[in-house]
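Based on the sequences and whatever the hints tell you, model everything.
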Amino acid sequence: MKSPKQRFGVLEYLIFTALIAVIFCLCVCVGSVNIPLGKTLSVFQNALSSLVRQYLFHQPALSPAETVSSILLTVRFPRVLCVALTGASLSLAGAAMQGLLKNPLADGSTLGVSSGAALGAVTAIAFGIAFPSLPFAGTMVMAVLFAFLSLLIILGLALKLDRTLSSHTVILIGVIYSMFVSSLMSIVITFAADRVQQITFWTMGSLQGKGYKDALILFAALLLFGGMILLHARELNAFAVGEENARHVGVNVRRVKLVLLIAVSGLIGVCVSIGGTIGFVGLITPHLLRMLTGPDHRRLLPACLFGGAGFLMLSDLAARILLRPRELNIGIITSLAGAVMFVLIFYRTRRGRSC
Amino acid sequence: MKQSVKRTRTLAAILTAAMLWALCACGGDAGQNPAEGAPSSVSEQENGAGQTSSVTVTDMMGREVTLEEPATRVVALTASDCEILYAIGAGDTLVGRGTYCDYPAQVSEVPVVDSGSETNLEQILALEPQVLLMSTMSQTEEQAKQLEEAGVHVVISDAQDIEGVYTAIEMIGTLMGKQEEAAGVIQSMKDTFSQIQEKSSGDGSQTIYFEVSPLEWGLWAAGNNTFMNEIAEMMGLKNCFGDLDGWASVSEEQVLERNPDYILTITTYSGEGPLPEEEIMARPGWENVTAVKNGAILNLQNNELSRPAPRLAEGAKMLYDFVYGEE
Numbered sequence: 001m002k003s004p005k006q007r008f009g010v011l012e013y014l015i016f017t018a019l020i021a022v023i024f025c026l027c028v029c030v031g032s033v034n035i036p037l038g039k040t041l042s043v044f045q046n047a048l049s050s051l052v053r054q055y056l057f058h059q060p061a062l063s064p065a066e067t068v069s070s071i072l073l074t075v076r077f078p079r080v081l082c083v084a085l086t087g088a089s090l091s092l093a094g095a096a097m098q099g100l101l102k103n104p105l106a107d108g109s110t111l112g113v114s115s116g117a118a119l120g121a122v123t124a125i126a127f128g129i130a131f132p133s134l135p136f137a138g139t140m141v142m143a144v145l146f147a148f149l150s151l152l153i154i155l156g157l158a159l160k161l162d163r164t165l166s167s168h169t170v171i172l173i174g175v176i177y178s179m180f181v182s183s184l185m186s187i188v189i190t191f192a193a194d195r196v197q198q199i200t201f202w203t204m205g206s207l208q209g210k211g212y213k214d215a216l217i218l219f220a221a222l223l224l225f226g227g228m229i230l231l232h233a234r235e236l237n238a239f240a241v242g243e244e245n246a247r248h249v250g251v252n253v254r255r256v257k258l259v260l261l262i263a264v265s266g267l268i269g270v271c272v273s274i275g276g277t278i279g280f281v282g283l284i285t286p287h288l289l290r291m292l293t294g295p296d297h298r299r300l301l302p303a304c305l306f307g308g309a310g311f312l313m314l315s316d317l318a319a320r321i322l323l324r325p326r327e328l329n330i331g332i333i334t335s336l337a338g339a340v341m342f343v344l345i346f347y348r349t350r351r352g353r354s355c
Numbered sequence: 001m002k003q004s005v006k007r008t009r010t011l012a013a014i015l016t017a018a019m020l021w022a023l024c025a026c027g028g029d030a031g032q033n034p035a036e037g038a039p040s041s042v043s044e045q046e047n048g049a050g051q052t053s054s055v056t057v058t059d060m061m062g063r064e065v066t067l068e069e070p071a072t073r074v075v076a077l078t079a080s081d082c083e084i085l086y087a088i089g090a091g092d093t094l095v096g097r098g099t100y101c102d103y104p105a106q107v108s109e110v111p112v113v114d115s116g117s118e119t120n121l122e123q124i125l126a127l128e129p130q131v132l133l134m135s136t137m138s139q140t141e142e143q144a145k146q147l148e149e150a151g152v153h154v155v156i157s158d159a160q161d162i163e164g165v166y167t168a169i170e171m172i173g174t175l176m177g178k179q180e181e182a183a184g185v186i187q188s189m190k191d192t193f194s195q196i197q198e199k200s201s202g203d204g205s206q207t208i209y210f211e212v213s214p215l216e217w218g219l220w221a222a223g224n225n226t227f228m229n230e231i232a233e234m235m236g237l238k239n240c241f242g243d244l245d246g247w248a249s250v251s252e253e254q255v256l257e258r259n260p261d262y263i264l265t266i267t268t269y270s271g272e273g274p275l276p277e278e279e280i281m282a283r284p285g286w287e288n289v290t291a292v293k294n295g296a297i298l299n300l301q302n303n304e305l306s307r308p309a310p311r312l313a314e315g316a317k318m319l320y321d322f323v324y325g326e327e
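Top to bottom, those sequences are chains A and B.
Each residue of the first sequence is one higher than the one before, starting from 1 at the first, in the numbering used here.
Each residue of the second sequence is one higher than the one before, starting from 1 at the first, in the numbering used here.
Please note that a few of the clues may not be correct.
If you only want the chain B side, here are some residues facing chain A, beta carbon under 10 angstroms, derived [to be verified]: (1) E216; (2) W217; (3) L256; (4) G285; (5) N288.
No more than 30 angstroms apart at the CA atoms, straight line, and that leaves these computed lysine-lysine pairs for DSBU-like [claimed, not checked]: (6) K39(A) <-> K238(B); (7) K213(A) <-> K293(B); (8) K293(B) <-> K39(A).
To be clear, the hints were calculated from the coordinates, so they are not data collected in a lab.
Just so it is clear, CB atoms sit at the ideal spot from N, CA and C, and this is done for glycine as well.
This is the structure in structure tokens:
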């Protein structure tokens with residue numbers, strides 16, 4: 001067997017990009033409403049030429065006059081974009097947490113970080129916490145803040161119980177924390193009974209009705225926080241061997257840990273504040289990809305960007321078309337797929353350890 | 001394995017909660033009940049002297065309930081039953097009400113008991129009612145049995161269509177000894193509906209979209225077997241989601257494609273931000289929808305068209321006036 005490559009090569013980037021491009025096109029071309037492929041192409045062609053006219057020749061933009069172009073350009077395309085960015089973010093955050101905690105089951109949803117973020121968002125909605133001039137920054141800031149606090153609480157508690165931060169302790173505390181948070185959420189709901197629907201939405205997760213503005217925010221978050229994680233791939237490798245080892249090879253353990261925790265909370269918080277809690281993406285995709293790329297984070301992390309985006313786009317596609325013209329919550333699809341995968345992964349790691 | 005089991009349980013709990021919420025939000029017209037069209041025979045037994053004292057009703061689950069005399073202490077768990085009680089002039093017999101009962105305004109002075117999945121028998125028994133009015137959703141068989149054993153008569157009202165609402169009003173009227181008032185309420189509903197039906201010029205070519213949950217919370221539309229659908233048909237409008245059963249979550253794309261001529265939203269205004277109809281007007285991509293182009297969006301936010309109660313007629317009238325203009 002060849003020794004695994006250390007870096008994510010140009011060829012691999014090309015392959016993954018091509019794959020994601022194919023999935024992206026598929027998700028834009030197929031949806032709740034059937035639109036012939038030729039029509040889809042002509043709509044995008046017109047949109048492109050209108051953009052060119054607008055920016056190169058400063059002619060007024062033509063607003064889409066047809067239903068089909070509204071569906072494609074203002075509903076489906078930005079939504080697929082948001083889904084891809086959310087998938088990439090959550091998957092990257094999951095991979096980073098798994099590496100940092102040396103725990104194959106770590107993920108925003110298993111640790112309760114997503115629930116924490118949702119609680120933050122819900123609190124902001126229920127008590128009308130908002131910053132004037134930034135319409136939905138209130139929910140976002142609260143979601144990020146609560147995600148970070150949740151991580152600190154969970155890890156703090158786990159450390160008190162078990163210095164090695166073993167899977168069992170961390171996951172158990174994560175589950176207990178999730179339950180605690182859901183009861184807090186119920187309390188918040190009692191205070192804001194008129195917003196139950198809105199709040200329930202946060203716990204289910206959906207990217208219905210998301211636009212270009214949301215995509216831009218997700219992209220900025222991925223650039224900032226995702227970049228922080230990607231730049232620490234080497235340190236994550238050192239952590240994977242052990243914290244002692246990391247210290248020995250010259251990693252500033254405290255600083256790196258803090259940076260990664262902030263990045264993870266940032267990613268999860270922003271994703272939750274836009275799409276609600278979408279579970280298991282950060283758990284499944286890194287695991288699947290690890291089988292492909294090996295454990296080296298320099299290869300795993302970029303692969304997660306692509307894999308997470310692809311997985312979530314396909315889940316969203318399923319949510320949109322399985323029960324046409326009805327629509328499922330994307331969280332239902334990922335949780336269905338994720339719960340099964342979770343059991344499989346747990347089973348495999350347990351068996352691997354005993355032999 | 002323990003963890004994964006827990007995980008699944010949490011999931012199950014979340015899903016169940018969501019489903020319950022969805023069901024509760026339906027306010028009783030989900031149309032999934034097999035008891036639809038239950039025997040509507042309402043009889044009154046007269047004793048030897050010809051004096052009406054004991055009353056017998058067959059409730060909407062087909063159970064026969066006999067009271068020695070018309071009820072004077074009632075607990076009603078569903079909002080629609082409260083509305084019916086007030087409509088037939090029996091509001092003063094109400095000694096307890098469910099959480100979501102909010103109409104008419106004076107119902108808020110009646111003590112609250114938990115309803116739905118949190119129905120609490122002790123709370124109900126403490127109010128010493130003779131009759132508990134509830135729908136099939138909010139009760140379990142054991143709970144009903146326990147209440148019967150404690151001497152409270154459980155009467156189920158479960159209207160799935162307008163005909164069912166008449167049955168419920170008639171049944172409650174008999175129960176309260178208010179048959180005449182009940183007949184009056186039913187007659188006035190029937191009059192309103194038949195007027196609407198006569199005057200409406202629609203031939204089913206124009207479509208209406210009933211939005212029961214806005215885009216922000218995930219779109220839900222009222223489909224077939226809902227009061228809204230029945231009323232749309234009455235005035236010659238075609239429900240553009242008539243192919244779905246009950247309330248259903250729908251894709252945004254579908255609404256754009258089906259291009260409704262009218263939109264009725266039942267979203268309650270939260271008091272801040274744009275009004276529900278303004279919010280729909282401002283949705284990106286919706287500018288080509290006929291209803292948005294013409295500003296033909298109506299907001300009925302007081303459950304007029306979602307509850308099996310006498311106010312359905314008012315709601316229908318409001319929709320009629322909106323579509324065909326007031327006289």
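Outcome of the hint check:
no.: 1; hint: E216; result: holds (7 angstroms)
no.: 2; hint: W217; result: holds (5 angstroms)
no.: 3; hint: L256; result: holds (5 angstroms)
no.: 4; hint: G285; result: holds (3 angstroms)
no.: 5; hint: N288; result: holds (5 angstroms)
no.: 6; hint: K39(A) <-> K238(B); result: holds (28 angstroms)
no.: 7; hint: K213(A) <-> K293(B); result: holds (24 angstroms)
no.: 8; hint: K293(B) <-> K39(A); result: holds (24 angstroms)
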